[in-house]
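Undergrad: Here is what each chain is made of, one letter per residue.
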Amino acid sequence: MLYDTALYMALAIFGVGLIYKVSGWFRFSVDMQNRSESTPAPSRIQTALRGVFSTLFSQKLFILTRVFVSDVLLQMRIYKEDIIRWLMHMLIFISFMFLLFTHALDKIIVTSLFDRYYLDLNPYLIVAGLMVLAGVAIAAYRRFILKVPRLKTAGPDYYALILLAVIIISGLAMELTKLTSYENYQSYWNIHVYGCLFGLAYLPFSKLLHVLTTPVSLLANAVMDKQSSPANIKTRQMMELDACTRCGTCSNRCSVAVAFDRIGNEMILPSERMEFLRDYYSYKAIGAKGLAAIQQGIYLCTNCDRCTVACPAGINLRDMWFDVREEMIQRGDAVDLVLTPFSYFRGLNMDKFDFEPFEKPVVKARKKVTAPYKLLHQSDDIIPLTSANQVFKENAGLSDRASTYTFCFACENCSTVCPVVGNYESPIEELDLLPHQIMRSMGFGIKDLAMGSRMLWYCLTCYQCQEHCPQGVKVTDILYELKNLSAKEVVPSQPTMGSVTLK
Amino acid sequence: MQFTLFLGCNIPARVKQYELSARAVLEKLGIKVADNKEFKCCGNPIRNTDDQAFILMAARNLALAEKQGRDMMVLCKCCFGSLKNAAHVMAHHPSIQSDVNAALAKENLRYTGAVEIKHFLSVLYHEVGIKPLKEAVTRPFKKLNIATHYGCHALRPSDVTQFDDPVAPVVFDELVSVTGAKSIKWPLKLECCGAPMLGVMDTLSMDLTERKINDGLNAGANYLCVACPYCQMQFDRVQKMMSPDPKDNRRLASLVYPQLLGLGMGIAGEELGISENELDISNIESFLEQEIQ
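The listed protein sequences derive, respectively, from chains A and B. Be aware that the first sequence starts at 1, since it is given in our numbering, and climbs by one per residue. Be aware that the second sequence starts at 1001, since it is given in our numbering, and climbs by one per residue.
It should be emphasised that the hints constitute simulated quantities derived from the structure, not laboratory data. Just to be clear, a hint being listed does not mean it is correct.
[As the list claims (entries may be wrong)] A few chain A residues that don't get close to chain B, going by computed Cβ distances all over 12 Å:
id, residue
1, PRO42
2, ILE145
3, LYS374
[Stated by the list, open to error] The list that follows gives simulated cross-link-like pairs (lysine-lysine, DSS-like), each with its CA atoms no further than 25 Å apart:
id, chain 1, residue 1, chain 2, residue 2
4, B, LYS1037, A, LYS80
5, B, LYS1189, A, LYS80
6, B, LYS1067, B, LYS1134
7, B, LYS1106, A, LYS152
8, B, LYS1143, B, LYS1131
9, B, LYS1131, B, LYS1185
10, A, LYS152, B, LYS1240
11, A, LYS21, A, LYS207
12, A, LYS352, B, LYS1247
13, B, LYS1037, B, LYS1067
14, A, LYS147, B, LYS1106
[Stated by the list, open to error] If you want the footprint, here are the derived chain A segments under chain B, 3+ residues with CB under 8 Å:
id, stretch
15, 261 to 268
16, 474 to 488
Note that the Cβ used here is the ideal one computed from N, Cα and C, for glycine as well.
Same shape as in the complex, but just chain A (with noise of 0.2 Å):
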């Protein structure tokens, strides 16, 4: 009685949290605050069961065949990865596929095949036992005791690992004393199938979820494109949320991932990322702090595409990332690395936008760093002869390199050949101040003017001027540290350490 109704309940659970999830694919999008008109989710449901149906029937199902068997049941892009991981995935799955279908589901499948099927001592069910905590001991050792770099643990990591070390260890206590003591099988029975329908109830919830929805994205990603229709990336991009497990890989193979040990604004890691955004398109609040840590996150991005090529569950990381920084730096405060060579990619993507919400994030960071210096801004204004900051001043010869500004001696060497100052007709009007002039100011120790320009943030590196500096002043390096300077003071609300956590 007890039983049935705990096995019912499971079940509707389990069927309403799956209803619940998969849902959500079709109810949300990850550019949800910029689309200007949103499908409806019956229409997205619509279209994307014609794109299931109509790659079925089409030669894509041999691909689809081919990923199946390479990608979904061998695993081939976590063997490629690493092998101690695929032994590790592999040991869990085949075992617990073959624990599901011969013992889970005897009565419908096994008994219906043979004829009184029944023994006393099941040595199979022993060693598929076995291989799943052998698996799992792998998993616990790599999380805990090797301590892969940057691979993040947390609540659903562990609740997945200590789901199915009691399961599997329940269920081999109940093997060995089913012939030595009713008793203790009568517990162990308990815990091990009450065990098993939690975890059937919890599994919509939890990243085991990923054994329905990793296969999908594998399979989604081998045959969806460009050319697919738009409605049905916004659904595999939600679908794809549900398909991480957080296995990090991705933050593993990450090309700036070492930043984070710098910075230690976790949203750098893109798998770290990934379990942020699950949550947020969930709620959908976010705090202010958690704003500027996924901002900066997922722009400190070379889009080296390291980790789509790497992912596991074959999620099309690149697309996301590029939806998902649209999302966030439209929103919210400036990001003062739209100004930095990390725009570079939405640059070379500037055709896939509207002029507007292109210009908007750099415009609204060019103002962010120039406004607090307001000397600038003032022309009418006389500087007092007494300006001088002499804490900038020594502040800002952090360096040895950078203290050589106190050599010009304003010959205009470095605005002279200076390309940008080339460019333009008038230039001071343009860039507020010339190269040399920033050199005096930084002599003088007014901090407005040395750090205010627009000049500082159109310096392409390019150091001709340093080059030319007949007094051996360090220019370009100059310039280099005062943005750093100024991406210290000016943006105080950039994240420095630990996690985020929604608001």
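Knowing the structure of chain A, use the given hints to seat chain B on it.
TA: Coordinates of chain B only, in the frame set by chain A:
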């Protein structure tokens, strides 16, 4: 010559022809290169806002090469400049170096400065040498005018990069001449391609690119030749965005140096990734002479 190849971020994702052609040329010249899949971003893009992160990112790559026991061969000029700058800063600031090493210790890495950082062009020029290269060119170009684009971050700051004479460089010109092509004189040869401002100040970026293209055309160039993925993307993909009409006769297509050298060495166009270029450069093969038997 023991090198490990540093590709950076852009080449594998967007300028594949550079890697393809460089590997093809190196193989034919008998230079074996190792790879290191642990290499990450050189740190260049973060230099504007966080120089500590920049140095750490650069130093980690150098420490990996050190562990591998090989010198570094860098294809990208921005990566090259970035790694050189970081090495320079650490050499002059022992405290920064020890900070960096404290952070690297977590991954059992250590930077001591034992590794040499060389750009691909320097390896060809100094390690292989002009004479052997000339012998390797079996199918020289004839009547081909090349506007050689040096790229900023290898050339300057010259005291740090030590690539060539910053005002009157010869390395790249001589390497172009080896193929039989003429490295023409053009006034803006040593100027920036405009890439650093793309996505930041696009009109400025494209103005600089356009000015260089016009300058090359006016000097009679048939093609631009570069040795940096940023310069290549700027003269290739961005130029295509700037003048989308394929019949536009004010276009000046660009190729990466190992494509030029490879063709001269008799390597087939497809092995050099000719079709990966956005602006069609297949016509360059019509400048090739017959194979010298």
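Undergrad: List in ascending order the numbers of the hints, as given earlier, that are violated by the structure.
TA: 5, 6 and 10
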